[in-house]
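Engineer: For reference, the chains in residue letters:
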Amino acid sequence: MEPEPGRGSAEPPRERIERLVAEGQMPRAAVEQVERLWQERLRHGVTMPNGELVRITLDDLYHVIVDSRIWRHPERIERAIAHVFEIRRSHSGRRQAFSRWTKGTKALLASIILEPGNRLWSLHLIDAKRMRRYTRRGGEIIWRQSERP
Amino acid sequence: METIRATIEWTPEIDRFVLWNDDLAGRAFVPEPFGDVTDNLLLELDEHEQETGRIVGVELAILEFDRWDDLPKLDLLWQLPGQEPLPLDELLRREQRRLRQQVARAASPA
Chain A
3 MEPEPGRGSA
13 EPPRERIERL
23 VAEGQMPRAA
33 VEQVERLWQE
43 RLRHGVTMPN
53 GELVRITLDD
63 LYHVIVDSRI
73 WRHPERIERA
83 IAHVFEIRRS
93 HSGRRQAFSR
103 WTKGTKALLA
113 SIILEPGNRL
123 WSLHLIDAKR
133 MRRYTRRGGE
143 IIWRQSERP
Chain B
33 METIRATIEW
43 TPEIDRFVLW
53 NDDLAGRAFV
63 PEPFGDVTDN
73 LLLELDEHEQ
83 ETGRIVGVEL
93 AILEFDRWDD
103 LPKLDLLWQL
113 PGQEPLPLDE
123 LLRREQRRLR
133 QQVARAASPA
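Protein sequence lines correspond, in order, to chains A and B. Just add 2 to the spot in the first sequence (first one is 1) and you have this note's numbering. Just add 32 to the spot in the second sequence (first one is 1) and you have this note's numbering.
Hints may contain errors.
To be verified - Cβ-Cβ distance ranges computed for the label pairs, FRET-style:
1. B:E79 <-> A:R81: 19 to 29 Å
2. A:P118 <-> B:D98: 18 to 28 Å
3. A:Q35 <-> B:H80: 17 to 27 Å
4. A:L60 <-> B:T84: 27 to 37 Å
5. B:W100 <-> A:R45: 18 to 28 Å
6. B:A139 <-> A:T104: 41 to 51 Å
7. B:T35 <-> A:R21: 27 to 37 Å
8. A:L55 <-> B:G85: 33 to 43 Å
9. A:E17 <-> B:L95: 11 to 21 Å
10. B:Q134 <-> A:E34: 25 to 35 Å
11. A:A109 <-> B:E83: 15 to 25 Å
Claimed, not checked - Derived pair list, reagent style EDC-like, types lysine to aspartate or glutamate, alpha-carbon separation capped at 16 Å:
12. B:K105 <-> B:D71
13. B:K105 <-> B:E34
14. A:K131 <-> B:E64
15. A:K131 <-> B:D98
16. A:K131 <-> B:E83
17. A:K108 <-> B:E81
18. B:K105 <-> B:E122
19. A:K105 <-> A:E77
Rather than coming from a laboratory, the hints here were simulated on the basis of the structure. Quick reminder that beta carbons are idealized off the backbone N, C-alpha and C, glycines included.
Given the sequences, and given the hints that come with them, work out the whole structure.
Structural biologist: Here you go:
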């Protein structure tokens, strides 16, 4: 069976988001709010605590926001990157960063994959159980934030 | 066996591939790692952030993926638009061949 034109093939993140909005699976207002946030705060990158700048393209943004916990709270993208506390070596020159911060009484954790050029590959909210699973995989720690006294 | 209505998102320049369950688009999810850190099942969460047991998608770097033994064995079929339902490993192997060919064609001189 041949793929339907334009449907059986892979969609870029922007096309997928546009389709989801058109199909009513994501609110247009939420996507527009995220795009405004990107214009104002993300398009020039976000600095990690080790001083490195993480680059976020619009396609990266559209990839990351498909989790409703991100599109409902897009400020979490910047917070996650700004609160990285550990970076580990991964394969193909990629790195995995772990982040934690608090919002009110809620503690949040994130796993971030960075491309060799510091472009954002993925950003997922995780729980403590997932963080242990990732760290058990044993990627070499290449940076860790010093404990404050 | 349940069949999932699926679509593919791919960002070729950084080889970011997701096979999405399109019926769960826009839901909350948490990654469940298999293989390397880029290889994740994306598991649906409910409004209380509890896992529902449903799979939102599969995220991996498809061009370089070779950890086929690590791929979870799921009692599901995945169906892309206009195509036949396939088990996850068969669909991913087919898409890997197709996307590698696409990249090779794009890289070859006209």
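Engineer: Quick check on a hinted range of 18 to 28 Å for A:P118 and B:D98, using CB atoms only.
Structural biologist: At roughly 19 Å between Cβ atoms, B:D98 and A:P118 fall inside 18 to 28 Å, so the hint holds.
Engineer: Holds or violated: are the alpha carbons of B:K105 and B:E34 at most 16 Å from each other?
Structural biologist: Answer holds: B:K105 to B:E34 is near 14 Å, not above 16 Å.
Engineer: Keeping to a limit of 16 Å between CA atoms, is the pair of B:K105 and B:E122 held or broken?
Structural biologist: holds, 11 Å
Engineer: Would the pair A:K131 and B:E83 pass a check requiring their Cα atoms to be no farther apart than 16 Å?
Structural biologist: holds, 13 Å
Engineer: Holds or violated: the 27 to 37 Å window for the beta-carbon distance between B:T35 and A:R21?
Structural biologist: violated, 20 Å
Engineer: Tell me if the beta carbons of A:Q35 and B:H80 are separated by a distance inside 17 to 27 Å.
Structural biologist: Cβ of A:Q35 to Cβ of B:H80: about 24 Å, so the range 17 to 27 Å holds.
Engineer: Take the C-beta atom of B:E79 and the C-beta atom of A:R81, compute their distance, and say whether it sits inside 19 to 29 Å.
Structural biologist: holds, 21 Å
Engineer: Range first: 18 to 28 Å. Now tell me if the beta carbons of B:W100 and A:R45 are that far apart.
Structural biologist: violated, 38 Å
Engineer: Please check whether B:Q134 and A:E34 have a Cβ separation lying inside 25 to 35 Å.
Structural biologist: 32 Å Cβ-Cβ, so the 25 to 35 Å window holds.
Engineer: Straight-line Cα separation of A:K131 and B:E64 no greater than 16 Å?
Structural biologist: holds, 10 Å
Engineer: For a C-alpha distance cap of 16 Å, please report whether A:K108 and B:E81 respect it.
Structural biologist: Holds - the C-alpha atoms of B:E81 and A:K108 are around 13 Å apart, at most 16 Å.
Engineer: Within 15 to 25 Å: is that where the Cβ-Cβ distance between A:A109 and B:E83 falls?
Structural biologist: holds, 19 Å
In summary, the numbered hints that this structure violates are 5, 7 and 15.
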